[in-house]
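So you can see what is in the structure, the chains are spelled out below.
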Amino acid sequence: MTMIYLDNAATTRPDSDAVREALYYLEDGFYNPSALYKESFAVHRALEAARKNIISQIADPQKFTLLFTSCGSEADNQALFSCARRGNFVTTEGEHAAIYNAALEIARRGVEVRYAKLDPYGCADEADLLQLVDENTSLVSVIHVGNETGAVNDIANIAKKVKAKNPRAYFHSDGVQAFGKIPFRLTNDIDFYSVSAHKIGGVRGAGALFRNKNKNLFPLIYGGGQEGGLRSGTENTFAIMQFAAATKKKFAALSEDLSRVGILNRRFRQGLDEKIFTVLSGECASPYILSVSAKGLRGEVLQHMIDDCGVVVGTGSACSSKNRYSRVILACGADERTADGVLRISFSSQTTEQECEEAIRVINDCGNRLAERTK
Amino acid sequence: MREQAEKVIIVRYCEIHLKGKNRGYFEQVFMNNLEKSLSGIRHEIRRPSGRYVIENFDSDRTEEICERVRKVFGVHTLSVGTKVDADLEAIWREIQNIAPESGSFKVETNRADKHFPLNSMQINAEIGGRLLSERPSLRVDVHDPDTILHIDIRENGSALVFEGIVKGAGGMPVGTAGKGMLLLSGGIDSPVAGYMIAKRGMKLECVHFHSYPYTNMQAREKVEELARILADYTGGLVLHVVSVTHIQEEIHKNCPAEMMITLLRRFMMRIAERLCADTGAQCIITGESLGQVASQTIEGMTSSNAVIKHVPVLRPLVGFDKTEIIERAREIGTFETSILPYEDCCTVFLPKHPLIRPKLEKIEVAEAALDVQGLLDEAFSSAEHIAIE
Chain A
1 MTMIYLDNAA
11 TTRPDSDAVR
21 EALYYLEDGF
31 YNPSALYKES
41 FAVHRALEAA
51 RKNIISQIAD
61 PQKFTLLFTS
71 CGSEADNQAL
81 FSCARRGNFV
91 TTEGEHAAIY
101 NAALEIARRG
111 VEVRYAKLDP
121 YGCADEADLL
131 QLVDENTSLV
141 SVIHVGNETG
151 AVNDIANIAK
161 KVKAKNPRAY
171 FHSDGVQAFG
181 KIPFRLTNDI
191 DFYSVSAHKI
201 GGVRGAGALF
211 RNKNKNLFPL
221 IYGGGQEGGL
231 RSGTENTFAI
241 MQFAAATKKK
251 FAALSEDLSR
261 VGILNRRFRQ
271 GLDEKIFTVL
281 SGECASPYIL
291 SVSAKGLRGE
301 VLQHMIDDCG
311 VVVGTGSACS
321 SKNRYSRVIL
331 ACGADERTAD
341 GVLRISFSSQ
351 TTEQECEEAI
361 RVINDCGNRL
371 AERTK
Chain B
1 MREQAEKVII
11 VRYCEIHLKG
21 KNRGYFEQVF
31 MNNLEKSLSG
41 IRHEIRRPSG
51 RYVIENFDSD
61 RTEEICERVR
71 KVFGVHTLSV
81 GTKVDADLEA
91 IWREIQNIAP
101 ESGSFKVETN
111 RADKHFPLNS
121 MQINAEIGGR
131 LLSERPSLRV
141 DVHDPDTILH
151 IDIRENGSAL
161 VFEGIVKGAG
171 GMPVGTAGKG
181 MLLLSGGIDS
191 PVAGYMIAKR
201 GMKLECVHFH
211 SYPYTNMQAR
221 EKVEELARIL
231 ADYTGGLVLH
241 VVSVTHIQEE
251 IHKNCPAEMM
261 ITLLRRFMMR
271 IAERLCADTG
281 AQCIITGESL
291 GQVASQTIEG
301 MTSSNAVIKH
311 VPVLRPLVGF
321 DKTEIIERAR
331 EIGTFETSIL
341 PYEDCCTVFL
351 PKHPLIRPKL
361 EKIEVAEAAL
371 DVQGLLDEAF
381 SSAEHIAIE
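First to last, the sequence lines map onto chains A and B.
Heads up: the first sequence begins at 1 in the working numbering, then just goes up one per residue.
Heads up: the second sequence begins at 1 in the working numbering, then just goes up one per residue.
If you're looking for bench data, these hints aren't it; they were derived computationally from the structure.
Keep in mind that this is a model prediction, so the values were computed, not measured.
One thing to keep in mind: the hints can contain errors.
[Stated by the list, open to error] No farther apart than 30 Å at their CA atoms in a straight line, the calculated lysine-lysine pairs in the DSS-like style are these:
#, chain 1, residue 1, chain 2, residue 2
1, B, K253, A, K275
2, A, K213, A, K52
3, A, K52, A, K160
4, A, K38, A, K52
5, A, K213, A, K249
6, B, K359, A, K375
7, B, K352, A, K275
8, B, K36, B, K114
9, A, K249, A, K275
10, A, K375, B, K253
11, A, K160, A, K117
12, B, K352, A, K375
13, A, K63, A, K213
14, A, K295, B, K222
15, B, K167, B, K106
16, A, K213, A, K165
17, A, K213, A, K38
18, A, K295, B, K253
19, B, K71, B, K222
20, A, K375, A, K275
21, A, K375, B, K362
22, B, K36, B, K71
23, B, K106, A, K295
24, B, K167, B, K309
25, A, K213, A, K161
26, B, K309, B, K179
27, B, K322, B, K167
Work the whole structure out from these sequences, hints included.
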């Protein structure tokens, strides 16, 4: 039985073409790109080309640059610890744990943290967010696509309004679930933007923080001065080169994938048994993520049963599965029984219609069986 | 000439000296357990009169060896010392290395080699006198000294010099008191219960009940980790993992909700007893403590004991407070693992108001709605048996 993988918001299968393309940097081109001999210089050149290619997918390389990090969480942390050092930090209740838990830490260090409310689908309440911004706001961070419900925030618009209210405030967005999945370009009002390789067919170990060239950052890691001194540590050249190759491939097929995944998503919305499942994701959410709740059942138990039938889905956020209830789902206004029953179904460009039909059958069947067994 | 000073570890044992004719047996088991605890580390264990001496190891692994040996039941205390030639000057040089600069001290000598020119008292006086004249801030106190400097003159022309004594795990060598079947949940109590019984020399096997898919793989991994921690003390054990999912579902479907835990405990006991018969274990061990939770009342214990026919049920924590158990769990190193937040099978299908004083007759009537034998056979056929080294 081949496994049907529908937890692509947690991680995706590394794209094998991209792996093949980058393998050279693991085996033969292993040189430290900072060294001064020609072999190293060649690796350095390749890395810079990769950087430029990734930037140009969503931004103007004249205005934006990026620094490679080890993951999206690191990129989020660097933006936060770098920019939210005084006054207040405004964010939303729908952030990924990388922002949420880093915010708890900066609060301990004396920076006031303000959380904007969410609407029932997980989008940031824009009016609430804007009224939290004042002249003492040092940073605003709004997740682009929520990792639990797929809710899309119009960050270009929010950033513009934030800057209108306080031009000195920095604006950051976590774009980990958006990058390579929904069409978007960075605007001048956005200062920093985090992305991660492994959500789009990259391998783990590479992420990036886009930076508006007019805005400065502080390092999180000090050392040999790589990445313009902003992120020391010998570059993970294989992961970065593979990330670049996967990015190129993903963006080439972005709109085609988007409409195909949209069809799969709609199929799920129609096909899931209404007696058991309620869809939590809004109609305008990213089609790559579909959050549903089997109210009264426990999501994790259902996940195990579905897994045993050869289908892998997520429960809430993989990073927060140690907590009983999803913080973000509760912030959408769901009650505890709804939050307890959340399944997150997430697609990739590789997901097929046939897989979806089978998965819908399995999920409905398991939902009904569990309801029967625990009645 | 400067002789090679070699690190040694002196291990003293507990109650084995109380044993009469079996003493040889106890000592052999103890020796085997010591050897087992040090597998993978180069060493030699010798047994001069009344103690064990570990030698011939790399001195940078001294701490690791002490840590492992301390956990072997039967170890009363241990000391790290230095082996030197049985020569007064060599001993004196080593004493200078380990003696403090100030405070009170005494010298305590054991002389197994009676050919040594000075007797024990004379050695104490000689070494003590030299120290006093060399370190003016030191004073002698034979009753309650800050430091005791030990000198052990051995028969083979060497002497052990050491200071300081580390407490061992105590108890009796594992394997000298039969074998028991521990009900190991993921909680704080059961590992402590297992520890206490193993400490009295009993070999352990453990049985863990899970309710996958209602519980997850992490909960099971946690139990395996707890078993590994226990295995460090017991020199390995076998963990039996049994699914009670269907049993819980059937109870849920056919019996009053408030009887869930009482009935489930009876199934667990039956499975444990059957495992005893299969493995040669002679008793069941549980971590129950009187009144701690609803199922751990005397009535609860009565109703679960009622299904056991052939072996005793040992509940070493029955008179312990939770705080006392937690203290023990911290000491033996299971606490941190026990409090990981994964649910074990008892919290699934948890009734709002469990029976506190189940009446045996009523329980038996409710249970009659179930195919007890069929469910047991099914649970048994799903059992996995994992050897933990």
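>> Check the hint pairing K167 of chain B with K309 of chain B against an upper bound of 30 Å on the C-alpha distance.
In response: 40 Å, violated
>> Would the hint linking K36 of chain B and K71 of chain B be met if the CA-CA limit is 30 Å?
In response: Distance ~12 Å between K36 of chain B and K71 of chain B Cα, so the pair holds.
> Is the straight-line distance between the alpha-carbon of K249 of chain A and that of K275 of chain A 30 Å or less?
Replying inline: Not OK: K249 of chain A and K275 of chain A at ~40 Å, beyond 30 Å, violated.
> For the pair supplied as a hint, K213 of chain A and K165 of chain A, is the alpha-carbon distance within the 30 Å limit?
Replying inline: With a Cα-Cα distance of about 22 Å, the restraint between K213 of chain A and K165 of chain A holds, given a limit of 30 Å.
>> Holds or violated: K375 of chain A and K275 of chain A, Cα atoms, limit 30 Å.
In response: 14 Å, holds
>> Holds or violated: K106 of chain B and K295 of chain A, Cα atoms, limit 30 Å.
In response: Violated, because 74 Å separates the two Cα atoms, which is more than 30 Å.
> K167 of chain B and K106 of chain B: Cα distance at most 30 Å?
Replying inline: Within the cut-off at roughly 20 Å; holds.
> K213 of chain A and K249 of chain A: Cα distance at most 30 Å?
Replying inline: Cα-Cα ~26 Å, so holds.
> Within 30 Å, alpha carbon to alpha carbon, are K52 of chain A and K160 of chain A?
Replying inline: 26 Å, holds
>> Check the hint pairing K352 of chain B with K275 of chain A against an upper bound of 30 Å on the C-alpha distance.
In response: Distance ~26 Å between K352 of chain B and K275 of chain A Cα, so the pair holds.
> Taking only the CA atoms, is the gap from K36 of chain B to K114 of chain B under or equal to 30 Å?
Replying inline: 34 Å, violated
> Between K213 of chain A and K161 of chain A, is the straight-line Cα distance small enough, at 30 Å or below?
Replying inline: 21 Å, holds
In terms of the numbered hints stated before, the structure departs from hints 8, 9, 23 and 24, listed from lowest to highest.
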